[in-house]
Amino acid sequence: MKKVKVLILRTAGTNCDYETQAAFELCGGFVERIHINALIEKKDKIFEYDILACPGGFSYGDDIASGKILSNEVKNKLGDKVKKFALSGKPIIGICNGFQVFVKMGLLPDPNIFEQISTLSYNDSDKFECRWVYLKTEKRINGESNCIWTKKLPDIVSLPVAHGEGKFIPNDKKLLDALNKNNQIVFRYTSKDGGKPEYPLNPNGSVEQIAAVSNIKGNVFGLMPHPERYVFTLQHPAREGFDSEYGWGKVIFQNAVDFVK
Amino acid sequence: MKSAVNCKIIEILNLSDNQLIKLSRNNVLSLSIEEMREIQKYFEKLKINPTDIEIETIAQAWSEHCKHKTLTGIIEYTEYADVQTKRTYNNLLKETIFKATVELNKKWCLSVFKDNAGVIEFDSKNGVAFKVETHNHPSALEPYGGSATGIGGAIRDILGVGLGAKPLANTDVFCFGDPNTKAYKIPEGMHHPKRIAKSVVSGVRDYGNRMGIPTVNGAVYFDDGYMANPLVYCGTMGIIPKNKIEKKVNSEDLILVVGGRTGRDGIHGATFSSIQLDQESDVSAVQIGNPIIEKKVLDAMLKARDLNLYRAVTDCGAGGLSSAVGELGEKTGVVVYLDKVPLKYSGLSPWEIWISEAQERMVFVVPPKNKNRIVEIFEKENVEAVFIGKFTRDKKLTLKYNNDVIASMDMEFLHNGVPKPTRYAVYKIKEEKLQKPVKMSVGEISKALKALLSDLNICSKEWIIRQYDHEVQGQTVVKPLQGNNIGISGPGDAAVIFPYTVIKGTKKGIVLSNGLNPQYGKINTYKMAASVIEESLRNAAAVGADIEKVAVLDNFCWGNPNKPEILGSLVRAANACYDMSKAFDIPFISGKDSLNNEYSIGGKKYSIPPALLISAVGVIEDVSKTVTMPLKNKDNKIFLIGITRNELGGSVFAKINNIKDGVVPDVYPKESKDIMKKIYRAINKNLIESCHDCSEGGFAVAVSEMAFAAGKGVVINTDAVKTEDVSMSPAEILFSESNGRFIVEVKHKNEFKFQEIFKGAVFAEVGYVGDNENIVFESKKNKIKVKENAENLLKIWQSTLNW
Chain A
1 MKKVKVLILR TAGTNCDYET QAAFELCGGF VERIHINALI EKKDKIFEYD
51 ILACPGGFSY GDDIASGKIL SNEVKNKLGD KVKKFALSGK PIIGICNGFQ
101 VFVKMGLLPD PNIFEQISTL SYNDSDKFEC RWVYLKTEKR INGESNCIWT
151 KKLPDIVSLP VAHGEGKFIP NDKKLLDALN KNNQIVFRYT SKDGGKPEYP
201 LNPNGSVEQI AAVSNIKGNV FGLMPHPERY VFTLQHPARE GFDSEYGWGK
251 VIFQNAVDFV K
Chain B
262 MKSAVNCKII EILNLSDNQL IKLSRNNVLS LSIEEMREIQ KYFEKLKINP
312 TDIEIETIAQ AWSEHCKHKT LTGIIEYTEY ADVQTKRTYN NLLKETIFKA
362 TVELNKKWCL SVFKDNAGVI EFDSKNGVAF KVETHNHPSA LEPYGGSATG
412 IGGAIRDILG VGLGAKPLAN TDVFCFGDPN TKAYKIPEGM HHPKRIAKSV
462 VSGVRDYGNR MGIPTVNGAV YFDDGYMANP LVYCGTMGII PKNKIEKKVN
512 SEDLILVVGG RTGRDGIHGA TFSSIQLDQE SDVSAVQIGN PIIEKKVLDA
562 MLKARDLNLY RAVTDCGAGG LSSAVGELGE KTGVVVYLDK VPLKYSGLSP
612 WEIWISEAQE RMVFVVPPKN KNRIVEIFEK ENVEAVFIGK FTRDKKLTLK
662 YNNDVIASMD MEFLHNGVPK PTRYAVYKIK EEKLQKPVKM SVGEISKALK
712 ALLSDLNICS KEWIIRQYDH EVQGQTVVKP LQGNNIGISG PGDAAVIFPY
762 TVIKGTKKGI VLSNGLNPQY GKINTYKMAA SVIEESLRNA AAVGADIEKV
812 AVLDNFCWGN PNKPEILGSL VRAANACYDM SKAFDIPFIS GKDSLNNEYS
862 IGGKKYSIPP ALLISAVGVI EDVSKTVTMP LKNKDNKIFL IGITRNELGG
912 SVFAKINNIK DGVVPDVYPK ESKDIMKKIY RAINKNLIES CHDCSEGGFA
962 VAVSEMAFAA GKGVVINTDA VKTEDVSMSP AEILFSESNG RFIVEVKHKN
1012 EFKFQEIFKG AVFAEVGYVG DNENIVFESK KNKIKVKENA ENLLKIWQST
1062 LNW
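Chains as they are written, first to last, in our numbering: chain A, 1 to 261; chain B, 262 to 1064.
One chain only, chain A, in its complex shape (with noise of 0.2 Å):
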């Protein structure tokens, strides 16, 4: 079996990156948390890697805007080598915060233009959110999610949101109806019953419920809830999981590692 090798990317700020660590160890993942100004000093270290995660947090205090400096400091000093890795095919998620970077990058939804097309920007209630919500699976591919990290998910799924800028925006109708037409939504905010959500069902207000995307090839992921703080059916909040011991996030990382091997 191989070894699957993970880089969390870290830097000042970063706070999500020990239980994403904890999260693709279970999944049998060897971890690494590096901090970028070791990895500006040696930009190659990041073809040892399998998988690439930059994790939730407040970077840079996100002064500015949320994830804005580190977008800027990864585009600047690691740009060419993070594009090759995204368009070699190999899985890179961005949480939260990650999220809002591979955003301001540019890096999603198409690390090809690898230019910024959307914004995560305030949420509706102007305020920062932590809560639980139903998301929607968007499975358009034989009934199966386009992204490699998101298979074998339920249609509706459960996990943590906490964020205050977490609306995604495209840039224009073209865009969205391109995100739709290449099956690059991953997640949509919903109701329990899979109907159309009202605050705090959508707790930012979020275009279309947009809760994730993908680039079109479906390897690099961006979300904004927090699949890693439900990686045991113990972090429910009434205590559900996909078995009696491990909640549905866990299976995010698991189809990265699966993917890799």
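Do not take every clue at face value.
[Claimed, not checked] In silico lysine-lysine, BS3-like type, Cα no more than 30 Å apart, as pairs:
(1) LYS192(A) - LYS564(B)
(2) LYS196(A) - LYS893(B)
(3) LYS196(A) - LYS1056(B)
(4) LYS77(A) - LYS898(B)
[As the list claims (entries may be wrong)] Examples of chain B residues toward chain A, derived with CB under 7 Å:
(5) GLY473
(6) LYS630
(7) ASN745
(8) ILE747
(9) ILE749
What the hints contain is simulated information worked out from the structure, not anything from laboratory work. Backbone N, C-alpha and C define an ideal beta-carbon position, used for all residues, glycine too.
Given chain A, work out where chain B should sit, using these hints.
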């Protein structure tokens, strides 16, 4: 020889008493005449006047904030009850709270009352550190900055315990004035309580969230007594390897200051906290926080810790470098080069550098051989780390600036020279009369229940809780809001952290809970203290904690201790702490007092209502056994455990209905401890589906919360409730706030085993989970049947605090 190039010489040798007092006041030294005379004597012996930095250093070291002179000083106490009793305390703390801890002598208490936090055992290799602090004065003047730096400071206490713990959770408790107060009633120069509340919450949110530490437990208490002097308690819990708990300082070790730069913010924070607030209070005493700097320090220092690169660490809190370095060097002596301290901007006088309370700074004790390696670790993560001096052998504090000696004092004088004051304390025990029987109609009971649920001190705190990332780190397995569904919720009794990301393979958890009830203290501070201790334990027990593995922290916020009645009420509370600690077999492991919570309006002085916060921390053997408070399944039986007594004194019900008389809830430790142990056994055997304690608002409020958090109904027969006084009316049964009571839900098939465990305790089956959303309270005896809709009550509970 001392030089006066970079400092001023302060004339003290020839001053009269009046001039000494003036000197203290003009320089915000907060020193008494006795203390000023002691300083004068010291310098008379040396035949030289002190420098400004020497005087400032003494003022910091001797401040109430750093030294706790009142609780460790001499107190002549007189108590008036049926007979008059007198007692002299030479050190109230050592003779009450600390004494109980010493007598209990728990092997699993690893560090008590000596470090920045208390530490108990988690497992064979790790300990749990917990500390709660107050940041009241700063939060009154600048609520956002005050609360942000409050939580920042509590976190640094955890980073600065032993060789540093990793923070896992925060807790925050606030006392505010009524947010609905009309603007014209706000004292001149003071902020409106709503503005204070919103800014305090924002401050904690922005700092705690950016640090990546979940705020999992807390309380908010509204009372007009906190209008001009809010209380902001911030606490942090962390995990620390057992072999990193002890600090050591050797002569020749180097002093490394790490993190934030030093600026003019927070000058005189320590001494200003001993002065009453008024409209002239100076905002520059409030510090400015930057959580990302602290987060960087945290990330890098744990690396350095695990490489054993330093021998001790402490945080710069009150008194800044002067306190941090002064305390570390107490036994050795120290020389500090103040010109080496990195500054935010130029222009600071040496004494300002020395006592500034600029945030995010930690001081490390580094063996010379590790000099380069430790700095490299910090620099790789963009953290500034600069050596500013070293530990010596001369037992002196020597401060230099550009090679000039600007201070030279004996450590012994600095740390032990403060004269012990004698204060006087009196307490008159108030007689508590039973209220006139409360007879209420169905409509009146229904109205009272709704009024209670929407009362500021009972209503949902969701508006606050959801702004805090209470699930970051992924370890919050018993959450502050608990509901069976997204959108509905009830108040959790305690939070449980499952530290699986730090301790691989563990099944254990850490429970955090608290108790606070200033309303009881207005009538009887002994009962208040006893009640809040019991409440904190009860909350922990309700989620499945074994109280034999729980420890508590005390935080006293009181008024001016120079007033004998105020100090007397504190002595009473401290005695309750001793009695309860012994009776429940629960040790105190750390604590803090904030006195002088006094403010003046138009020349008249007001003290806050005394507030004792008890914060409990404990270890849970198996997190999968823990339970939550929402009801689970229809037809399950509901039991009320514990005796309901006619105790409406100080209750929210009494306040709402303007009932003046009433007996304040008492604590019956033997009975209560027995019940908590039985609850633990039953939960551990999976016999309990849901559990909630009865607190503010009593039985009716608690059972309603369990129902609406589940979106379910419940049918309660109030005639079945076990009462001490058979003549209690349904309203008294429903709303009495007797301590020691739990509501539990039990499956039919587990009933027998459950009853076996509770043999010997007072309990009764009082109802069942309904199959619709109706919450019903019925007394056939009194021909009363109250019927409410769960969703409707939930909305009432949620609507009060929804900004």
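Check: Is it true that the CA of LYS196(A) sits at most 30 Å from the CA of LYS893(B)?
Finding: With Cα atoms ~27 Å apart, LYS196(A) and LYS893(B) stay inside 30 Å; holds.
Margin query: Tell me if the interface restraint on GLY473(B) is satisfied: Cβ within less than 7 Å of some Cβ in chain A.
Written below: With a closest approach of 2 Å, the GLY473(B) hint holds.
Check: Can the restraint linking LYS196(A) and LYS1056(B) be considered satisfied, given a maximum Cα separation of 30 Å?
Finding: holds, 22 Å
Check: Given ASN745(B) was flagged as interface, is its beta-carbon under 7 Å from a beta-carbon of chain A?
Finding: Holds - the Cβ of ASN745(B) comes within 7 Å of chain A, reaching about 5 Å at its closest.
Margin query: Quick check on ILE749(B) please, does its C-beta sit within 7 Å of some C-beta on chain A?
Written below: Check failed: Cβ of ILE749(B) comes no nearer than 10 Å to chain A, outside 7 Å.
Next item on the list: For the hint on LYS630(B), just tell me whether its beta-carbon gets within less than 7 Å of chain A.
Entry: With a closest approach of 25 Å, the LYS630(B) hint is violated.
Note to self: Against the 30 Å threshold, does the CA-CA distance of LYS77(A) and LYS898(B) hold or violate the hint?
What the structure shows: violated, 63 Å
Notebook entry, point to check: Can the restraint linking LYS192(A) and LYS564(B) be considered satisfied, given a maximum Cα separation of 30 Å?
Noted result: Since the Cα atoms of LYS192(A) and LYS564(B) sit roughly 44 Å apart, the hinted pair is violated (cutoff 30 Å).
Check: Under the criterion of a CB-CB separation shorter than 7 Å, is ILE747(B) in contact with chain A as hinted?
Finding: Hint on ILE747(B): holds, closest Cβ of chain A at ~5 Å, below 7 Å.
Hint compliance for this structure: hints 1, 4, 6 and 9 are not met, and every other hint is.
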